[in-house]
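Number of protein chains: 2
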Amino acid sequence: MDSSDFLEFVSTRSSIRSYRDEPPDEQALAYILSCASTAPSMGNLESWDVVVVSDPERRAALAEAALDQPHIREAPVVLAVSANYVRAMSRYGDRGILYALCDASIACTYMMLAAHALGLASCWTGAFDDEDVRTVLELPPHIRPVCLLAIGPGEQTSGMTPRLPIEEHVHVEAW
Amino acid sequence: MDSSDFLEFVSTRSSIRSYRDEPPDEQALAYILSCASTAPSMGNLESWDVVVVSDPERRAALAEAALDQPHIREAPVVLAVSANYVRAMSRYGDRGILYALCDASIACTYMMLAAHALGLASCWTGAFDDEDVRTVLELPPHIRPVCLLAIGPGEQTSGMTPRLPIEEHVHVEAW
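Chains A and B, in that order, are what the protein sequence lines are.
Position one of the first sequence corresponds to residue 4 (the working numbering), numbered consecutively onward.
Position one of the second sequence corresponds to residue 4 (the working numbering), numbered consecutively onward.
To be clear, the hints were calculated from the coordinates, so they are not data collected in a lab.
Where a beta carbon is used, it is the ideal one built from N, C-alpha and C, also for glycine.
A hint or two may mislead.
[As the list claims (entries may be wrong)] Partial list, derived from the structure: chain A residues whose beta carbon lies under 8 Å from chain B:
#1 S18
#2 L36
#3 E49
#4 W51
#5 L70
#6 G129
#7 T164
Based on the provided sequences and hints, a complete structural model is requested.
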């Protein structure tokens with residue numbers, strides 16, 4: 004892959020909220036998880052976990068935990084990515100909280116881009132009630148849900164939301 | 004880019020801590036930042052910022068703030084990526100803290116992969132003293148540094164650190 008490919012690759016991804024509820028493709032899932040496994044992590048601890056949710060009833064319960072967002076119910080698979088606080092904190096103490104949140108976000112970004120490489124739609128969903136998600140997924144207390152990544156065959160609607168001019172983000176040498 | 008390309012692409016990246024201190028390539032930097040600009044963000048608020056550091060004295064000061072890690076001094080460019088708490092919290096309150104940390108991590112992952120697409124080495128560096136980094140980069144109080152991403156021409160040393168078996172991360176339907 005050369006550089007022009009990568010820019011085009013990321014520019015053609017957008018967050019999709021409309022899915023065809025087809026059976027999950029196990030091979031695609033395995034591929035997505037293999038890609039995520041190559042993500043870097045703080046101290047190589049890989050302080051992230053994922054719950055693969057495809058059961059319709061559990062997706063419905065997750066959708067309810069996610070402020071009733073219908074795409075969580077409709078997508079054939081939801082990858083619930085979490086920060087594993089205890090794994091990072093066992094080495095890094097309180098700093099481990101930041102590290103685990105980064106690890107989970109990096110791995111989830113890899114999953115999102117791997118899905119895109121397969122031609123699958125996805126939607127990073129951060130709006131949910133932590134405790135409700137914990138209950139639905141039976142997460143232990145030291146596991147913090149970070150993203151419900153909806154994945155599946157989906158309809159491109161309107162393309163990528165316009166972005167701020169990059170200058171809004173960039174500072175040179177200091178703020 | 005097809006799927007096999009993406010898996011190969013991410014599998015050939017590893018964290019590099021040995022750099023040739025050549026002048027920063029402005030075109031490469033612009034490309035990396037353009038890619039980052041396409042990253043998704045919570046509520047499309049893009050609650051992240053980046054300070055592009057190439058001045059040798061400031062890199063040295065940053066290296067000191069980063070527990071004296073020499074690669075921060077040696078890499079020609081350090082992209083100091085931060086979470087913009089106030090941008091996310093202005094809409095989402097306390098939940099905005101998580102959102103801004105995710106936004107910064109996603110954008111930084113895009114930068115890291117964009118550098119890789121250009122054949123540049125990089126190293127996600129999370130170990131630093133927040134207050135020292137704040138001082139060196141003159142960050143306002145509502146801006147939390149998340150990653151010092153070293154970027155530059157570098158020497159691949161030993162390849163990707165071995166990963167945990169993916170099964171360690173994956174749970175099906177529930178924990």
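Checking hints one by one. Is W51 (chain A) an interface residue toward chain B, by the C-beta closer than 8 Å rule? holds (6 Å)
Minimum Cβ distance from E49 (chain A) to chain B below 8 Å? Since chain B brings a Cβ to about 5 Å from E49 (chain A), closer than 8 Å, the hint holds.
Next item in the hint list is L36 (chain A). Is there a CB on chain B closer than 8 Å to its CB? Constraint on L36 (chain A) satisfied, holds at 5 Å.
Grab the minimum C-beta distance from S18 (chain A) to chain B and call the hint holds if it beats 8 Å, violated otherwise. With a closest approach of 6 Å, the S18 (chain A) hint holds.
L70 (chain A) as an interface hint toward chain B, with CB separation required under 8 Å: violated (11 Å)
May I ask you to test the interface hint for G129 (chain A) with respect to chain B, counting a Cβ-Cβ separation under 8 Å as satisfied? Hint holds; G129 (chain A) Cβ to chain B Cβ min 5 Å, cut 8 Å.
Under the criterion of a CB-CB separation shorter than 8 Å, is T164 (chain A) in contact with chain B as hinted? holds (5 Å)
Checked against the numbered hints listed earlier, the structure breaks hint 5 alone; every other hint is satisfied.
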